[in-house]
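> These protein sequence lines map, in sequence, to chains A and B.
Residue numbering for the first sequence follows my numbering, starting at 174 and increasing by one per position.
Residue numbering for the second sequence follows my numbering, starting at 2 and increasing by one per position.
Rather than coming from a laboratory, the hints here were simulated on the basis of the structure.
Treat the hints with care, as some may be off.
Once the Cα atoms are required to be at most 25 angstroms apart in a straight line, the calculated DMTMM-like pairs of lysine to aspartate or glutamate come out as [what the hints assert, rightly or not]:
1) Lys191(B) x Asp230(B)
2) Lys8(B) x Glu301(B)
3) Lys391(A) x Glu383(B)
4) Lys388(B) x Asp387(A)
5) Lys269(A) x Asp122(B)
6) Lys69(B) x Glu286(A)
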Amino acid sequence: MLRYQTQLILLPLIASIISVVAIVTWGLTLGIDLKGGSLLEVRYPNGRPTVDAVHAAVAPLNFGEVRVQPSGDKNFMLRARDLKPDDKSKLLAALKGAEEVQFNSVGPSIGAEIMQKAWWAIGLVIFSIILFVAFAFRHVSKPVASWKYGVVVIITLVHDILVPTGLFAYLGHTRGAEVDVLFIVALLTILGISVNDTIVVFDRIRENLRINIDKHRKEPFGEVVAHSTMQTLARSVNTSMTVIIVLLVLFFIGPVATKDFSLTLIVGMIAGTYSSIFLASPLLVLIGKYQKN
Amino acid sequence: MNTVRSKSAEHSVKVFRAIAVIIFGALVAYFVYSTTINHASRYPFKYGLDLAGGSHLVYTANLKDVRKGEEADAMSTLRDVIERRINVFGVSEPLVQVEQSSVVSSNRVDRLVVELPGVTDVNKAVDDIGKTPSLEFKLVDKKAAAAAQAMEQASQNASSSGAKISNVTVDGQKPGELYKTTGLTGRYIKHAQLVFSNGQSSTRGLNEPIVQVEFNADGAALFKKLTTDNVGENLAIFLDGTVISAPVIREPIAGGIATISGNFTPDAARELVRNLNFGALPVPIELESTQAIGAALGDEALHAGVYAGIVGFILLSVFMVLWYRLPGLVAVIALLMYVAMMLALFKLIPVVLTTAGIAGFILSVGLAVDANILIAERIKEELKEGKELDTAVSLGFSRAWFAIRDSNIAHIIAGVILFWFGTALIKGFALVFGLGVIVSLLSAITISRTLLVALKVNTTKSLGRFLMGSGFTF
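Looking at chain B on its own, in the form it has when it is part of the complex (with noise of 0.2 angstroms):
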């Protein structure tokens, strides 16, 4: 009497264990559930651009110019002028990344991506990204600007002695190999401000709009030296690739402060103000690649994506139900709750949701299945040899154990590799994808044994051998 009380006891632990399980299931569904119809709740599902609509732009900067170990420092300012300018055109949750070329392309090429959710008008947002100026010095070589320099000749006459930088315009230059490099550019810029010229040093009359510079400590003191070793020759500054003046520089500045006039406008020199206040871009990007996503669109990949998960979903539960019975129910409860737990981990985490994390997560769901497969079949042979049931799970769980573990590590060999080849689109399907594995993985060894231990199926009734059998024996 005293072995059966103990093994009923035993018996009806595992039952609460598993209703412990199914409980903690119940609770993580309805987490998801809550926090989805409740629009304002602090856990939505983030949807990448191909599912909401939106822009995504792809720049290359040019980083010729840039010192050696200094690339990583200028796309870090590239980054967050953009960023600053994008925050100004007010688009919610934008996303402004680095992007580097991968370690087995042959050479490197920097990029920045830019994603604006809900920007479906293109052509403005590259425009308005555009508008910022980039803002360069260089200097001129003198004996390749052999040609200019008759034109600066030219209106050097007509400079006066009182300003500190005498105003030389060479009005559609093109940036080329007479101009040297001095590192000196937008970066540096502190401030920027429009003054007007006191009348005598303009070659347009009086109150010309002048654009006064105001460089950072760093600037200040590569513009001095600049200044100071370079006395009599022509400082060229470039606006956005273009040379704008090209100054003598008479005496060495310090203090930081420097003069651009170009015949502007009154309206374009409080234009370029406002951009170089903004953010001058430490280097030219040129736009790569663009997409534009409809919201339309994204709203019918989503819904035909949910639709299929469902009907999927259903179709595994009646395929599993009908062939491996009993066993098969276990497979489909342990389902809905990895269904649950991936819900939730994409909102926990959050995981940005695409097209191709939707299909990753499908696939996974079918994968997941794969260990209770593995395992029914187990017990069902265990079973075959006669093996009394509580004997029979947890030889066959044991047994199919190994190439349980084997395959899944397979699994996550590959998805760790896919999310290194990634972009975007491709890392949110590895994420989704390696997530399933490792969730699948767990939640077969803790949800599907602890449901089966729990169950008590009498295997020498002819009822119990076919809820235990599968497929077409009976």
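In isolation and in its complexed conformation, chain A is listed as follows (with noise of 0.2 angstroms):
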């Protein structure tokens, strides 16, 4: 049992260790919420020129760098340094025939500020998660001590939250996807959520280790979180699936604002639910033997 149980967890191992290059490689590219800088939207009503038309024509504003990006059919994303309203009228009427959809420019000092709180943020989420779990779990300490039970917790977190992030390390490398503050808001989401099916399993962990008390029962703590994980597998699939099945909607049909959104929840909740099996209660297993060693 406890052989099938390691072998299991080279799965999110890999996963995490692909993710860990990724970044490293390709770093993660921030949006301007985040770094600074300003996104104005244009339609062209009456057809759209090509990417080179436009860099000509916003060459003479000497405003830096300016990113083209096309968006839907008639539409571009121009991505500059922060512009302040004059140089957005400049840049606009620089662009002949097209009309406004959004402008957004941010200074970046709260770029820096956000970036800042984030790391707090899920330093926090964390942080709280593991009193948690350790309070929750408090009367469970054979074998395991229950501040254990938080460690695993911890672990299986940080992996939920790096395959996401690689994901987007490598998007934004391949296809210019960016980092904002949405997807840290996913990613403090996924904290949240992913923790449940780990809960659900430690409950059911928790209920078999009581049971086996009271009925005098031996089992080695490994059968038993096998047993567990295997009870409760149905409904932690099922529950990841349902809130799944609404994102892959909003992902498809949802509003193209929260599109980047719903996929990193997407990949969150995916590597949430299989790491709760193959990382989680693996893990447990590993400390229980270790200590017994």
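Build the complex from these two chains, which are given one at a time in their own frames, with help from the hints.
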């Protein structure tokens, strides 16, 4: 049983390594709300010019690097340093025949502040969850102490947010996908949701351990964990499935503004579901085994 | 016979409760429906800028000249002044908010957030807000101003003794180290008016327009102290960061009236008076970020969001009924009531809906059904052990409860921290998400439970077993 479970860890381990490599090699492309800069979306009702033509039109304005990205059939997304409203008017005037759809310009200091806050928020969520899990499982001390359940949850959670982050490093490299405030919100949400599956399994382990004590039954810890994981497999998968169903709908037909957001959540949810089965439970068994030796 | 009758009577009570719950849900749904089709309703949905279109401006306030401890005061005065300005140009439901950089941030930054629904011409909005003058009185540092004094000397010769404060103009002088902050600013102004000089005092001949400023009580006291302590010094008057005049203080001035003369044309003086009366900014501000969203884009996002919500709900219902059958159907009914209650809360609280908020709501629908899955799976297990339906339902419920409670607490933790993390956009998401968790927890305890215990299925028959079963088992 244990041997089988130890091998299971390979999948989340490989996924984490690939993600870390992706993040280190390509890095993350920060959105303007995190690093400052501006975004102007324009629409050409009578058909849009080529990207090169747009570059040529904005070059005389000396706004530094202006990145032009087609969006939909008639729109362009223009990204530049943070522009004041006057600058935006000049930019719009240079793009003949274009109508403004949306404009967003963020000063660099706001972005830096949000970034700082984001790290705090992620740390706080993880810290609160470990405290909470340790508290919820405080009566479970044999054979594995309750705080170790908390540690296992953290390792699982780190894996769950590494995978979508790695994906966005890859998407940033290949398609220019950006990591923005909504991405961080998605990560924080994943932390809150994906701990569910782990809690469901741990809750069952807690219950089965108690039943064994009541019935004076001796069962190896690894067996209890495996047993509990199998018992809760259907509900773990199904509770994630319902969330993934609505997120897929949101991704495919929802607003453009939340497409990347739902993609992050979908990937995080999938990672969170398999990690509770392939990472959390086997880790718990390993800790139990290690303590014995 | 007796026991059978009491058992069926007990069941009638359960059915009655279930019907009452469904009627309650229907009433909530009717409230949402009727207040949505009636456009004059007191309870409309409120949409954020990204759905309704509009401008979002963030200004940074420069508080370096404000005394310690008075920052909050200065910011609230700033907010009032800007709000007054915006009300003048007629935007419905503008939002002007003071925001401070978070506690985790290393340096304190005070910001003013201005939201203008429906205003998509951001340039005009910025101009209108920016027109407000910032007025400051600063003392000229004599030593540092040595160079400037030569200029002053020249014009001082021309000035007359008749004016309370002689008129010295240092045109184009940039504010710098040679000026000492006095704390006296436009926020102390009670009233401003246009007067014309009586002829002799002016460097530009007859009837030079002069702006007369009357301070409020605090301002008058400050002005008196300032003029008493610094007789013989130059008092520079800054308008929007530029010196417009730096007259010599001849004598202490009580009464709180100062005159500003700075080569005004009558029109310029009139505009200054108007702007000062609308409110001079207590502190200088700088535009830090802008966002303008066209109404069409917001509309598109709203429709896509609503459409995704409906399709998501239908797919979820199909999945639940196919997989969990009768308990699945119960879950769908409970979920419908969850949606109705959430929408009613959005209207009653009211919650400002944003694109992220709609995404949060759709996500919460997927999460709300989790409790039902946990309960249904547990009931199935209990039935498998040969328990009767009644017992299985109540046991299944109480055993699933701990997992439901614990996972919801984890959601709430995430929700609270998200709310703290949030800018307006994220707060919308966090609020909807957190509200969803609490409402779904309540609906799992009350609605799902009431409906499930009212079920009467004979699980000894194969149809009954099928209805209470799940997945690929028959």
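> Now tell me, hint by hint, if it's right for this structure.
Results of checking the hints against the structure:
1. With a CA separation close to 23 angstroms, the supplied pair Lys191(B) and Asp230(B) stays within the 25 angstroms bound.
2. Taking the CA atoms of Lys8(B) and Glu301(B), the gap is about 55 angstroms. The hint is violated against a cut of 25 angstroms.
3. At most 25 angstroms may separate the alpha-carbon atoms for a hinted pair to count; Lys391(A) and Glu383(B) meet this at roughly 23 angstroms.
4. At roughly 20 angstroms between alpha-carbon atoms, Lys388(B) and Asp387(A) fall within 25 angstroms of each other, so this suggested pair holds.
5. Only pairs whose Cα atoms come within 25 angstroms are accepted, and Lys269(A) paired with Asp122(B) is accepted, the gap being roughly 18 angstroms.
6. A C-alpha spacing of about 23 angstroms is found between Lys69(B) and Glu286(A), which places the hinted pair at or below 25 angstroms, so the restraint holds.
Consistency note: the structure conflicts with earlier hint 2 alone.
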